[in-house]
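Trainee: So you can see what is in the structure, the chains are spelled out below.
There are 2 protein chains.
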Amino acid sequence: MVGATLWRKVMNVSVILAHPNPGSFNHAIARTAVETLQRLGHEVWFHDLQAEGFDPVYTAAELAREAVLPPEIARHVEEACNAAGLIFVHPNYWSRPPAILCGWVDRVLRPGRAYRFEPDGRGGARAVGLLRARVGMVFNTANTPQEKEEEWYGDPLEVHWRKVVFGLCGVPVVVRRNFSPVITSTPEQRCAWLVEVRTAVEAHFGPAAQARAPGVSPA
Amino acid sequence: MVGATLWRKVMNVSVILAHPNPGSFNHAIARTAVETLQRLGHEVWFHDLQAEGFDPVYTAAELAREAVLPPEIARHVEEACNAAGLIFVHPNYWSRPPAILCGWVDRVLRPGRAYRFEPDGRGGARAVGLLRARVGMVFNTANTPQEKEEEWYGDPLEVHWRKVVFGLCGVPVVVRRNFSPVITSTPEQRCAWLVEVRTAVEAHFGPAAQARAPGVSPA
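Protein chains in written order, with our numbering: chain A, 4 to 222; chain B, 4 to 222.
Some hints could be false.
Since the list gives no way to pick out one identical chain from another, each pair is judged satisfied if it fits inside one copy or across any two copies.
Unchecked claim - With a straight-line cut-off of 20 angstroms between C-alpha atoms, the simulated SDA-like cross-links for lysine to any residue are: (1) Lys151 with Arg125; (2) Lys151 with Glu81; (3) Lys12 with Glu46; (4) Lys151 with Arg129; (5) Lys166 with Asp51; (6) Lys151 with Gly170; (7) Lys166 with Gln149; (8) Lys151 with Asp123; (9) Lys151 with Glu121; (10) Lys151 with Glu161; (11) Lys12 with Arg78; (12) Lys12 with Gly124; (13) Lys166 with Glu152; (14) Lys166 with Glu75; (15) Lys12 with Ala212.
It is worth saying that the hints were derived from the structure and are not from the lab.
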């Protein structure tokens, strides 16, 4: 039992989907990511937030650091903190994720669990990321072409995920792909995009990536 | 009955507040804005989204352009489209508004009512803003100092409100003030910040502003 299979460490990977329409292309993206991870032998924690009726409203009770969380939020926190990878799938709404996913971030990536602050020695504070995930992936759809999103606004989703969320929480490898414009895309284009999703997930969670990753070994 | 009073045109101004804690400084900011507007003789449409139990989750049914909206959303749409001014008060969550306010934007600022797209003559599309508001104001609190928010992230809230939301919806005058760091602020500092709120609201909705504004006259 020595060989390549020993390198195929089972990882827990969270896939979080946020789109109101169950027949959306976002659902196809998420399904592709989930199936690719499962084929690689990983354990997937999948959540279709809209289908699950996730409540994105952060409550006053949750403001306290030691708050007793509702069970469904506590479960999300445990998964998010322990996942080896986090994959988010969502449409671009106003150059940010839909509210239901914003609320997932608000409620689940809690101070003291996903990040903390420590003195920076110069009278300020610096963030220390606490998530275990080494890879964060974002697949988003949009109708604004990528070059216009960059030209007009500076690509706020890139800033949001790469710098603000994954940056603060200490996720070192961030992969984001913006599929746009989705509204005028052909079936062939969408098929090609799903192949891109599969390839990207394989590249970051497949045996080759695990062989490269520090701390992932037959031991 | 000719004189200064005739210049005091009654305006409808929306004030939208999003903070989970009813005792928050955000509530004091919103109260100051509402009272200042009322003292100026305006009609205020005030919503404490959290207290009202606003549901920020955009539904599949609402994706259709001609969707029949839930009554509370339809009312928000009418107010937002007809207000002469829009004022938002919220804390900085992950360099964007809290989910409950993101969802207000998702559900209320609908295509065909708040903005529309038209061909730009070069094969693309350009946005046409449809809101009546001539002034958009944002008062947000944060714990990250303003200079760090700019240095690290490029001040995403500024981009979000000025360019993405008010820009797309055609609100020409945008005023934003970031009160930070709020966590270490003294009562004196907070009092001074509330004076700033009052002064800014007076400057943009008071008689002097109305005298400057085109289309606002005794006729």
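Trainee: All hints, please: hold or fail.
Mentor: Here's how the hints hold up against the structure:
1. Lys151 with Arg125: The answer is between: 13 angstroms across copies meets 20 angstroms, while 39 angstroms in one copy does not.
2. Lys151 with Glu81: Answer is neither: 38 angstroms inside a copy and 30 angstroms across each miss the 20 angstroms cutoff.
3. Lys12 with Glu46: For Lys12 and Glu46, only the intra-copy Cα distance (10 angstroms) is at most 20 angstroms; the inter-copy one is 63 angstroms.
4. Lys151 with Arg129: Between. Shortest inter-copy distance 11 angstroms satisfies the 20 angstroms Cα cut-off; intra-copy 33 angstroms does not.
5. Lys166 with Asp51: neither (24 angstroms within a copy, 30 angstroms between copies)
6. Lys151 with Gly170: For Lys151 and Gly170, only the inter-copy Cα distance (14 angstroms) is at most 20 angstroms; the intra-copy one is 25 angstroms.
7. Lys166 with Gln149: both (18 angstroms within a copy, 16 angstroms between copies)
8. Lys151 with Asp123: Classified as between: cross-chain Cα gap 13 angstroms, same-chain 37 angstroms, threshold 20 angstroms.
9. Lys151 with Glu121: between (38 angstroms within a copy, 15 angstroms between copies)
10. Lys151 with Glu161: both (14 angstroms within a copy, 18 angstroms between copies)
11. Lys12 with Arg78: neither (23 angstroms within a copy, 54 angstroms between copies)
12. Lys12 with Gly124: neither (39 angstroms within a copy, 54 angstroms between copies)
13. Lys166 with Glu152: both (17 angstroms within a copy, 11 angstroms between copies)
14. Lys166 with Glu75: neither (27 angstroms within a copy, 36 angstroms between copies)
15. Lys12 with Ala212: within (11 angstroms within a copy, 66 angstroms between copies)
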